[in-house]
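**Student:** Residue strings, one per chain:
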Amino acid sequence: MKKIKDLTSNDITRRGFLKLATAAGGAAFIGGGLLNPANAGIECIDCHKIAGAPARKQPHKWISTVCNMCSGQTGVLADVLTVENKEIVIKVVPELQNPMGVANVYQDYIENKDQGAALCPRGNASIMDLYDPDRLSKPMKRTNPVKGKGIDPKWEVISWGEANEILTSKLKTLKTNNEEHTLLWFGDGDNFTHLQQDFCNLYGTPNFFTNGNLYDAARSAAFTLMVGHERLLADTVEAKFILLFGTNPLSAIKWAHVPRTMIRSIEHGAQMVVVDPYHGFTASKAHSWIPIRPGTDGALALALGHVIVKLGLYDEDFIDKWAVGFDDYAEYVKGKTPQWAESITGIPAKTIEQLGRELGNTRPVAIDAWSGITQHSNGFQTMRAIIALAGLVGQIDNPGGLIIPDMTGSLHQNVEYEPSTYPRLDGGTEKYPFAQDSGVITEVLNNMVNEAGPYNPKIGIVMHQNLVLSIPGTDTVIEALKKLEYLVVVDTHLTETSELADLVFPGTHYLERTDLVNNWTTWPSVSLRQQVVKPLYGKPEYEILIELGKQLGLSETNGNPFFDNLIYEGYLDTELKNGAPGISLEELKELPGATWMDTEGTKYRKYSTTITLPAGATIDENGVVYDGSQNPVGVSIWDKYYTGFNTKSRKFEFLSDLDGIVDANGELIPELPEYKEMDNTPDYEYPLYLINWKEASHTGARTQNNIWLDELKHTNQLAINPKTADMLGIKTDDMVWVETNFTKAKTTALLTDRIHPNVVGMMHGFGHWYLGEVTNGNGTNDYQFYKTEAEPVSGNAISKESSVKVYRA
Amino acid sequence: MQNSSDILLDSAHVRGNLYGLFSLVFRSKPSVRFIEYLKQGEIFDALESFPQVSDELVRLRDLFGSNSSQELEEILGVAYTDLFITPKKRIIPYESAFSQNKSQLMGPAAVDVMNYYVSTGFNVPDEELPDHIYIELEFMQYLCLGQIDKKLGRQFLEIEIEFYNSHLSKWAPELFMRIKDSDCNIFYRIMADLAIQLLEIVFEKPD
Numbered sequence: 002m003k004k005i006k007d008l009t010s011n012d013i014t015r016r017g018f019l020k021l022a023t024a025a026g027g028a029a030f031i032g033g034g035l036l037n038p039a040n041a042g043i044e045c046i047d048c049h050k051i052a053g054a055p056a057r058k059q060p061h062k063w064i065s066t067v068c069n070m071c072s073g074q075t076g077v078l079a080d081v082l083t084v085e086n087k088e089i090v091i092k093v094v095p096e097l098q099n100p101m102g103v104a105n106v107y108q109d110y111i112e113n114k115d116q117g118a119a120l121c122p123r124g125n126a127s128i129m130d131l132y133d134p135d136r137l138s139k140p141m142k143r144t145n146p147v148k149g150k151g152i153d154p155k156w157e158v159i160s161w162g163e164a165n166e167i168l169t170s171k172l173k174t175l176k177t178n179n180e181e182h183t184l185l186w187f188g189d190g191d192n193f194t195h196l197q198q199d200f201c202n203l204y205g206t207p208n209f210f211t212n213g214n215l216y217d218a219a220r221s222a223a224f225t226l227m228v229g230h231e232r233l234l235a236d237t238v239e240a241k242f243i244l245l246f247g248t249n250p251l252s253a254i255k256w257a258h259v260p261r262t263m264i265r266s267i268e269h270g271a272q273m274v275v276v277d278p279y280h281g282f283t284a285s286k287a288h289s290w291i292p293i294r295p296g297t298d299g300a301l302a303l304a305l306g307h308v309i310v311k312l313g314l315y316d317e318d319f320i321d322k323w324a325v326g327f328d329d330y331a332e333y334v335k336g337k338t339p340q341w342a343e344s345i346t347g348i349p350a351k352t353i354e355q356l357g358r359e360l361g362n363t364r365p366v367a368i369d370a371w372s373g374i375t376q377h378s379n380g381f382q383t384m385r386a387i388i389a390l391a392g393l394v395g396q397i398d399n400p401g402g403l404i405i406p407d408m409t410g411s412l413h414q415n416v417e418y419e420p421s422t423y424p425r426l427d428g429g430t431e432k433y434p435f436a437q438d439s440g441v442i443t444e445v446l447n448n449m450v451n452e453a454g455p456y457n458p459k460i461g462i463v464m465h466q467n468l469v470l471s472i473p474g475t476d477t478v479i480e481a482l483k484k485l486e487y488l489v490v491v492d493t494h495l496t497e498t499s500e501l502a503d504l505v506f507p508g509t510h511y512l513e514r515t516d517l518v519n520n521w522t523t524w525p526s527v528s529l530r531q532q533v534v535k536p537l538y539g540k541p542e543y544e545i546l547i548e549l550g551k552q553l554g555l556s557e558t559n560g561n562p563f564f565d566n567l568i569y570e571g572y573l574d575t576e577l578k579n580g581a582p583g584i585s586l587e588e589l590k591e592l593p594g595a596t597w598m599d600t601e602g603t604k605y606r607k608y609s610t611t612i613t614l615p616a617g618a619t620i621d622e623n624g625v626v627y628d629g630s631q632n633p634v635g636v637s638i639w640d641k642y643y644t645g646f647n648t649k650s651r652k653f654e655f656l657s658d659l660d661g662i663v664d665a666n667g668e669l670i671p672e673l674p675e676y677k678e679m680d681n682t683p684d685y686e687y688p689l690y691l692i693n694w695k696e697a698s699h700t701g702a703r704t705q706n707n708i709w710l711d712e713l714k715h716t717n718q719l720a721i722n723p724k725t726a727d728m729l730g731i732k733t734d735d736m737v738w739v740e741t742n743f744t745k746a747k748t749t750a751l752l753t754d755r756i757h758p759n760v761v762g763m764m765h766g767f768g769h770w771y772l773g774e775v776t777n778g779n780g781t782n783d784y785q786f787y788k789t790e791a792e793p794v795s796g797n798a799i800s801k802e803s804s805v806k807v808y809r810a
Numbered sequence: 041m042q043n044s045s046d047i048l049l050d051s052a053h054v055r056g057n058l059y060g061l062f063s064l065v066f067r068s069k070p071s072v073r074f075i076e077y078l079k080q081g082e083i084f085d086a087l088e089s090f091p092q093v094s095d096e097l098v099r100l101r102d103l104f105g106s107n108s109s110q111e112l113e114e115i116l117g118v119a120y121t122d123l124f125i126t127p128k129k130r131i132i133p134y135e136s137a138f139s140q141n142k143s144q145l146m147g148p149a150a151v152d153v154m155n156y157y158v159s160t161g162f163n164v165p166d167e168e169l170p171d172h173i174y175i176e177l178e179f180m181q182y183l184c185l186g187q188i189d190k191k192l193g194r195q196f197l198e199i200e201i202e203f204y205n206s207h208l209s210k211w212a213p214e215l216f217m218r219i220k221d222s223d224c225n226i227f228y229r230i231m232a233d234l235a236i237q238l239l240e241i242v243f244e245k246p247d
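Just so you know, the protein sequences line up as chains D and E, in that order.
Count along the first sequence from 1, then add 1; that gives the number in the working numbering.
Count along the second sequence from 1, then add 40; that gives the number in the working numbering.
Don't read these hints as lab results, they were simulated from the structure.
Any given hint could be a false lead.
Stated by the list, open to error - With a straight-line cut-off of 30 Å between C-alpha atoms, the simulated DSBU-like cross-links for lysine-lysine are:
#	chain 1	residue 1	chain 2	residue 2
1	D	K148	D	K607
2	D	K114	E	K190
3	E	K190	D	K351
4	E	K220	D	K142
5	E	K79	D	K87
6	D	K604	E	K191
7	E	K191	D	K20
8	D	K155	E	K79
9	D	K150	E	K190
10	D	K142	E	K190
Said to hold, decoys possible - Sample of chain D residues lacking proximity to chain E, with all beta carbon distances greater than 10 Å (derived):
#	residue
11	A25
12	D135
13	A453
These figures come from a predicted structure and were not determined experimentally.
Every residue gets a Cβ at the ideal spot worked out from N, C-alpha and C, and that includes glycine.
Start from the sequences and build out the full structure, keeping to the hints where you can.
**Tutor:** Pasting the structure below:
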């Protein structure tokens, strides 16, 4: 134990400190005094018991909220310790009263919620993100005008006031010059999205983008075309057969309930077959893993269709009544034999034949696909072929099949604004006819690099997105961002994208902010992500945005100064009251799990709901029913009227009337789910497919600095089949080059039977150089090996299509 | 005759001023006002009494002499940011991140320092975490200020010693050593060096 000694005794150093102390006293006036003025008076000391009285700890409180370690958004309970005025989150556990960790079908939820809810590793590691010492704590501005990878921005901390002033001033300048359209906004799709959208609309830029088009835009597009809803959800718990293409839901977890429902299904006797070039964790639980050449799943799906049609195993009732184009489809797949598919996919014809029989003879069947399909240049057509299978066996919106979710939840309020007269930088749906609302980010970035867009954006704002490591084609992304005159990034950490920014703001963690979440359940449910602790740094982004809107004087066309009196909780309150819940925010907070649910639960075969003909209704030659305002509202079948599907024909579409629409390459979009080969396939010089995947340990390129998650997965390696490795003289842990026709980089090899011999691959998200002390320098950035391209119908980023050669370094 | 406690109480203002100086230095980038005060020279003149920094003092005087206050605001602002904010060279200025094996903010150390703050009436600014080095140093300054009170002075002295032993001693010397040994701006290296010496002198082990 150290004792205190007198500074005023006589030696050189002590005399030096005396002088220094005197000089320091003279500095006392600086910044209001050396002391926090609140502590300057002795009076306050008298008022308190001193020496050993512990601070008042209040009992723990548990607060329901919604995780956002990824966009799965599982319900969680946060355990909060309050010490005087400081609240600390001790841990995060699953919330039973929120269905997202239990089930996505209402009845399944009711029956199983008492068994407990699930939370993936990332959710469990939430507090290590919240309390990561590498979090950005203060706004900073760049002082080095030179930008680039590995070039020090020479950040200087500035005050929040100065940061807000800079941003306001920049946006005011654009407005003054009538250049509002040159503001480019990258927001994420989970957080205060509507407010960001309103801001951009009222400001006058059409260039608001979110990240959905990086993942499953092709899936959404295909479902929208054929079924009339963008995101069907597999009801695996009721299924007797589960067929998965390019998706690994037990490990690349998006929704925490899915592993549970799938395992329950298997325990109840369901068969599961996984089609994937890589044997992930889901395949390890499957009855059968079918390794396939990447990007050829469409051929397999069509061949399965061939088998089912040939053997008459399709659902005649469903097809006769609820589908169009079956005859054309059947004619098309006549030539798509298992032998034909074998030559393309590498899967033996016998296996295809057998799988087709099993699929055709089993009900119910859940067939699903995700990024392993969509992130290819033929993703849209491949998805159509897979969805056609589901229609073939009549498994649309029935128990155990693919459910059309009823997502009526909170309602984005109508804001009156003058749409910008300038086109969007991605060409919108004029170029990508089935693009999502999230846009086509890859198109924007390519246009920036090549200066090929309708105009050049000047200011970029990036909210909680690490574009540099999350979009394929790292060098292109960097070049694009460097083209901006001014880049602002808001995020919890400095990232590779922040490295290129001019101004950075500390972003909030999900435990520090509030939002509404329309849950991805098959029945309506809405949860509240409520602020559990005050932000460690600064304030929630929506408060910054509201202040910015006020400073800019943004108003609706009716003159309402939209942001002037806006409080975000009031904004959310309106969305709730106007939406399906019809309750206030305070009422939602009081509900169990802060979750509202429609107790009517999951409804099936909604397309077969009968309707009464509305006044002034007309029916066209195809049986589509229109209301008096010419809106399609139903379908006439055998003299009865039904809701039908939300497609052009109001039926499930094997064949779609596309009026000669062309894709972004100017090519006609086929009316049928025809097979389309990938654009980039291996050749003699680059003979291997390169793929990537995600696992439960991390969210994309976001969480690698989380110390708990880093323990689970510290780095990535290049998975290579032993037969292939043997030919190349490569052993596990050898340093190898991975080379494309435009770049190369080193990584280490991992030999495994779990990958197709023609394929190499690695887990996505590593290779950081600017995220944090825990992860910088670990692993290899896989997205550097891909180009920044989009699937031409939906705009889905092509993130899994590259051809490489691999050799020892 | 004064006993040792009396001497320590009488000299508390000296310690307090010094804790306060280092709290100010490591709290945020220097303001223009503080830079101008430094330029006036009283602080640098006092540093002449420290032979171990004399070489660096020459360079420090040169830095301040050859740059305007605005230029120094940017130079030292960047230096401070590099030192404490960006992860590249970053030295984490929070006790929780030092005192636990797994680096995490708002750990048990943060809760415990709050115990001290609350029980002594010390107000923690909202905009920073309670175990930031500048707040712990400011708390030490506050405790020194409290020692002028005739009734409570001795208790504040005891708390000053106890807080150092329970908290600052466990991480502050290592923090300052890392700053001193880093390649950061000379201003921060000198200040860290002096901070180490101050703590060593004030809290020497008993003879």
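**Student:** Determine for every hint whether it applies to the structure shown.
**Tutor:** Results for each hint:
no.: 1; hint: D:K148 x D:K607; result: violated (54 Å)
no.: 2; hint: D:K114 x E:K190; result: violated (63 Å)
no.: 3; hint: E:K190 x D:K351; result: violated (95 Å)
no.: 4; hint: E:K220 x D:K142; result: holds (26 Å)
no.: 5; hint: E:K79 x D:K87; result: violated (39 Å)
no.: 6; hint: D:K604 x E:K191; result: violated (75 Å)
no.: 7; hint: E:K191 x D:K20; result: holds (29 Å)
no.: 8; hint: D:K155 x E:K79; result: holds (24 Å)
no.: 9; hint: D:K150 x E:K190; result: violated (60 Å)
no.: 10; hint: D:K142 x E:K190; result: violated (48 Å)
no.: 11; hint: A25; result: violated (4 Å)
no.: 12; hint: D135; result: violated (5 Å)
no.: 13; hint: A453; result: holds (35 Å)
The structure does not agree with the numbered hints 1, 2, 3, 5, 6, 9, 10, 11, 12 stated previously, though it agrees with the rest.
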